[in-house]
Amino acid sequence: MKIFYCCYGSAHSSVVAASIHLGLLPKDRVPKYQEFERLPYYDKTNSLEIGTPFFMGRDEREMEVYIIGMMNQRELIKRAIISFLEQSKVDTKDIIFVDTLPLVNLKTKIGGILSRRIGLVTLGRPLTIRGIQERYFEFVKLVENVKQAVTSSVKP
Amino acid sequence: MRIIYSCYFGSYLAVVAASLHLGLIKGFDPNSFLELPYFGKLPESELGRIYYVGKDNLGREIYVMGSRKVGEVIERALKGIASIYNMGEESLIFINLLPYGNAFYSIGCFLIHRLNLKTLGTLFLMMGIKKSFEKIKRLVDKVKKSP
Chain A
1 MKIFYCCYGS AHSSVVAASI HLGLLPKDRV PKYQEFERLP YYDKTNSLEI GTPFFMGRDE
61 REMEVYIIGM MNQRELIKRA IISFLEQSKV DTKDIIFVDT LPLVNLKTKI GGILSRRIGL
121 VTLGRPLTIR GIQERYFEFV KLVENVKQAV TSSVKP
Chain B
1 MRIIYSCYFG SYLAVVAASL HLGLIKGFDP NSFLELPYFG KLPESELGRI YYVGKDNLGR
61 EIYVMGSRKV GEVIERALKG IASIYNMGEE SLIFINLLPY GNAFYSIGCF LIHRLNLKTL
121 GTLFLMMGIK KSFEKIKRLV DKVKKSP
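The listed protein sequences correspond, in order, to chains A and B.
So for the first sequence, this note's numbering puts the first residue at 1; every next one is plus one.
So for the second sequence, this note's numbering puts the first residue at 1; every next one is plus one.
Derived from the structure by calculation, the hints contain no laboratory data.
In this text, a Cβ means the ideal position worked out from N, Cα and C, and glycines have one as well.
Incorrect hints may appear among the rest.
To be verified - Only pairs whose alpha carbons sit at most 16 Å apart, straight line, appear in this in silico EDC-like list of lysine to aspartate or glutamate:
(1) A/Lys2 x A/Asp91
(2) A/Lys2 x A/Asp99
(3) B/Lys142 x B/Asp56
(4) B/Lys69 x A/Glu75
(5) A/Lys78 x B/Glu44
(6) B/Lys69 x B/Glu44
(7) B/Lys131 x B/Asp29
(8) B/Lys144 x B/Asp56
(9) A/Lys78 x B/Glu46
(10) A/Lys78 x B/Glu72
(11) A/Lys27 x A/Glu144
(12) A/Lys89 x B/Glu61
(13) B/Lys145 x B/Glu61
To be verified - Have a look at the derived ranges for each label pair, beta carbon to beta carbon:
(14) B/Glu89 x A/Gln148: 32 to 40 Å
(15) A/Glu138 x B/Lys26: 54 to 62 Å
(16) A/Asn105 x B/Lys130: 44 to 52 Å
(17) A/Glu60 x B/Met1: 35 to 43 Å
(18) B/Glu89 x A/Leu120: 27 to 35 Å
(19) A/Lys89 x B/Pro147: 23 to 31 Å
(20) A/Arg29 x B/Lys142: 54 to 62 Å
(21) B/Leu123 x A/Leu123: 48 to 56 Å
As the list claims (entries may be wrong) - Computed from the model, here is a short list of chain A residues facing chain B with C-beta under 10 Å:
(22) Ile50
(23) Leu76
(24) Ile77
Whole structure, please, built from the sequences with the hints as guidance.
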């Protein structure tokens with residue numbers, strides 16, 4: 001089973017969701033600034049890497065967790081991946097795409113533009129983190145829903 | 001080995017390039033273009049899907065795809081997916097024909113897709129393809145010769 005957390009640039013919301021999934025971030029409290037900053041790929045992916053899937057780790061059930069940036073064409077790119085795999089005779093039933101962009105608020109968006117597109121990291125990064133902290137428990141809930149859905153689908 | 005020719009809608013420049021690659025067309029001939037598989041026929045709601053056109057003389061599978069303006073993102077995504085599934089990144093060649101478009105071509109697409117003016121749109125579209133035809137042909141020749 002493979003899970004792809006997808007967002008615009010695979011730098012913020014998908015990283016946070018994947019990290020909660022893998023236990024790199026807590027579920028019961030809002031993490032501090034440094035806890036976000038030290039995550040792999042957090043606010044680091046550059047625009048020439050958007051589209052490349054990055055492996056984040058394996059969860060307790062041996063599911064592979066990835067992050068991927070799809071800009072504002074998520075439906076199109078998901079369709080491309082699925083049809084490419086179908087043409088390669090790969091079973092696509094064990095792939096799950098989870099869209100994390102709807103959880104991104106204005107602060108994270110502006111922070112992301114400042115840091116990733118304009119290069120003002122010192123200004124943008126704290127803003128992205130503040131935005132995610134504000135909606136942190138919604139990320140936790142999303143991940144819990146994903147894990148629950150996966151468990152019920154793989155039950156014999 | 002798979003080769004994907006891609007453009008905004010996947011059904012014009014990509015189809016012309018794929019057809020040149022497979023030898024379905026030799027020169028610029030609008031009437032024969034209209035008969036090509038998928039030419040002007042890929043639904044917008046299915047953009048991103050890859051369509052098989054045929055096999056070339058080296059046994060490589062040729063596909064077309066519409067990728068709007070995110071061809072490069074799709075190229076990276078598919079190469080990444082290929083390597084995750086152990087197909088090897090080099091099993092895929094992605095050719096983005098978006099830079100081979102021009103104003104005539106864009107106006108043609110706009111007339112056909114947004115204003116539903118098929119006849120007039122096709123006229124502009126063919127003028128656009130004519131302007132880029134030799135360039136596309138050179139590109140395809142290069143792809144055909146690549147190992």
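So, going through the hints one by one against the coordinates:
1. A/Lys2 x A/Asp91: Roughly 12 Å between the alpha carbons, so the hint for A/Lys2 and A/Asp91 holds.
2. A/Lys2 x A/Asp99: Status holds; Cα separation ~14 Å.
3. B/Lys142 x B/Asp56: Answer holds: B/Lys142 to B/Asp56 is near 14 Å, not above 16 Å.
4. B/Lys69 x A/Glu75: The given pair, whose Cα atoms are some 14 Å apart, holds under the 16 Å limit.
5. A/Lys78 x B/Glu44: With a Cα-Cα distance of about 15 Å, the restraint between A/Lys78 and B/Glu44 holds, given a limit of 16 Å.
6. B/Lys69 x B/Glu44: 14 Å, holds
7. B/Lys131 x B/Asp29: Cα-Cα ~13 Å, so holds.
8. B/Lys144 x B/Asp56: Holds - the C-alpha atoms of B/Asp56 and B/Lys144 are around 9 Å apart, at most 16 Å.
9. A/Lys78 x B/Glu46: The given pair, whose Cα atoms are some 11 Å apart, holds under the 16 Å limit.
10. A/Lys78 x B/Glu72: 14 Å, holds
11. A/Lys27 x A/Glu144: Answer holds: A/Lys27 to A/Glu144 is near 9 Å, not above 16 Å.
12. A/Lys89 x B/Glu61: 14 Å, holds
13. B/Lys145 x B/Glu61: Holds - the C-alpha atoms of B/Glu61 and B/Lys145 are around 15 Å apart, at most 16 Å.
14. B/Glu89 x A/Gln148: 32 to 40 Å: At roughly 35 Å between Cβ atoms, A/Gln148 and B/Glu89 fall inside 32 to 40 Å, so the hint holds.
15. A/Glu138 x B/Lys26: 54 to 62 Å: 58 Å, holds
16. A/Asn105 x B/Lys130: 44 to 52 Å: Cβ of A/Asn105 to Cβ of B/Lys130: about 49 Å, so the range 44 to 52 Å holds.
17. A/Glu60 x B/Met1: 35 to 43 Å: 38 Å, holds
18. B/Glu89 x A/Leu120: 27 to 35 Å: 33 Å, holds
19. A/Lys89 x B/Pro147: 23 to 31 Å: 24 Å, holds
20. A/Arg29 x B/Lys142: 54 to 62 Å: 57 Å, holds
21. B/Leu123 x A/Leu123: 48 to 56 Å: 51 Å Cβ-Cβ, so the 48 to 56 Å window holds.
22. Ile50: Because about 5 Å separates A/Ile50 from the closest Cβ in chain B, which is inside the 10 Å limit, the hint holds.
23. Leu76: 4 Å, holds
24. Ile77: 6 Å, holds
Of the hints listed earlier, there is not a single one the structure fails to meet.
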